[in-house]
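S.K.: Single-letter residue listing:
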Amino acid sequence: MARVLLFGRFRDLAGWREREIAAGSLSDLRALLAAGDAELAEALEGKGVQVAVDQAIVKGDMALSASAEVAFLPPMSGG
Amino acid sequence: MARVLLFGRFRDLAGWREREIAAGSLSDLRALLAAGDAELAEALEGKGVQVAVDQAIVKGDMALSASAEVAFLPPMSGG
Amino acid sequence: MIRLTEAPFDPGALLNEFSQGRTETGAVATFTGIARAEKGSTTVLELEAYPGFTEAEIGRIAEQARRRFGLHDFAILHRIGKIAPGEAIVFVATAAGHRRAAFEACDFLMDYLKSKAPFWKKEHGPDGERWVEPTAQDLADRDRWN
Amino acid sequence: MIRLTEAPFDPGALLNEFSQGRTETGAVATFTGIARAEKGSTTVLELEAYPGFTEAEIGRIAEQARRRFGLHDFAILHRIGKIAPGEAIVFVATAAGHRRAAFEACDFLMDYLKSKAPFWKKEHGPDGERWVEPTAQDLADRDRWN
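Chains as they are written, first to last, in my numbering: chain G, 1 to 79; chain P, 1 to 79; chain E, 1 to 146; chain A, 1 to 146.
With the rest of the complex left out, here is chain G (with noise of 0.2 Å):
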C-alpha cells in the first residue's frame, strides 16, 4: 500500500490529507485517482506540480514499492 499525502492546495481540493491505495506504479496511483476524483487527478497534472517518490523529486511514471511514501506538491512558496 502506497501512502500518499497531498499538500497545499491538492488536500482542500480533495478533502483528505492521507490515504493508503495500493498502485503498483505512479501511472496506475493517477489513474485511480482519477477514477474517484477527475478534477483532482487533473489538478495533480498541473503546471509547476512536483511528485516526491520517498522524499525524492521524481520524473515521469515509476514502480512504487509496497511501503512507499508518494507526496503531490502543488508550486511551493515559502518566506
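Only true hints are included.
Okay, derived cross-link-like pairs now, EDC-like style, lysine to aspartate or glutamate, Cα gap no bigger than 16 Å in a straight line:
#1 E:K122 to G:D12
#2 P:K47 to A:E133
#3 G:K47 to E:E133
#4 A:K116 to A:E133
Think of the hints as simulated: they come from the structure by calculation, not from any bench. In this text the structure is predicted, and so the values were computed from the model without any measurement.
Put chains P, E and A on the given structure of chain G with help from the hints.
M.R.: Relative to the frame of chain G, chains P, E and A by itself:
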C-alpha cells in the same frame, strides 16, 4: 579665534587634537599651520582630505568668523 | 542550523546566538520576514511544510550557498502553522569574512525560500481563504542566480 | 534612529525593538559588522567620529536611502572608541514592504558607512598601530549606487 580640530592620522601626525588659532580665512590658517608644522600642512593638502567649517564640508578658500570651527578630515572609513 | 517551528520565535536571540564568539567573521547579514496584515485583508497566514523533506531540501540549497559565497555559517528558521500579522515567518542569518558575501548569500537563500522551498502558504482573511503561489517577481528574483 | 555609542551594544535587542509592532512591513534586513582578530594581527580596533557632524552626515544619507528604496524605517548604530575582536562595530536595520528594497537599502547604507561616513579607524596589533582607509573594493562597492 578659530577652533581647529584634527581627526584620524592628522592628530597623530601633529601631536594635538584641538587648538585655538587666530586666522581670518582658511588660506591664512593653512599658512599658519605650515609655518609651525610643514609635514602636517602637506598632509592636510593630501588626496581625499576634506575640510568642514562649522560642520559643513567646504571647498577652496573662505573667510572664517571669530568663532569658526574648522575640522580637517582624512579619508573616511567606518563599519 | 535549519529548523521548522510551530511556535513564535525570537529573531534577536537567534542573531545574538549566531554572532557569538566570532572573531574572524566580520559580517553577519540577516533577513526577517514578517506576516503582513495587508490592511486587514489577511488575518492569519498558514504555512505548511513536508516534515523531513522540507528541511533536507533547504539543507541542500544552504550547502550550495555555503560553497558559492564562502560562508562561515548560516541559520535558517521557518515558522509553520498559523501565523498572526506582525509575527516573524522566517529568519535567515549568514556569516562571512566580508559583507558582500554575507548579503548576497542571505538574498540568495531568501529568493530560494520564497520560490522553491517546500512550503505552501494560505492566507485567511475576512473574505475567506486562498492559497498563495510564487509571484512573477519571486520567480524573476530567483532567476538572477542562474 | 541614528546613534553613536562608546559602549558595547546588543544587536539582537536592537533587531527585536526595530521589528516590533510592524504589521505592514514584511521585510527587515540587518547587517552586523564584527571586529575581526585577523588571526592575532589586530588586538583592538579604535573608531573615531566627529560628534554632531557624523550623525548629521549619516542622517542625510539615510534619508536618501529612505526615499530611494521606499523604506518604512531604518536604524543605524555605530560603536566608537576601542573595540575588541568579536564585538559588534556597526548595526544597520532596514524595514520595507518587500525584501528586495530592505536588502538593497541595507547594502547601500553599509557601502556608504564603509567608504564615506565620517569615521576614522585605527588598528592596534602586536606590531604597533595603523590608520585604515577605504579599500579599492570599498570604493568600487560604493560606486555601484551612482
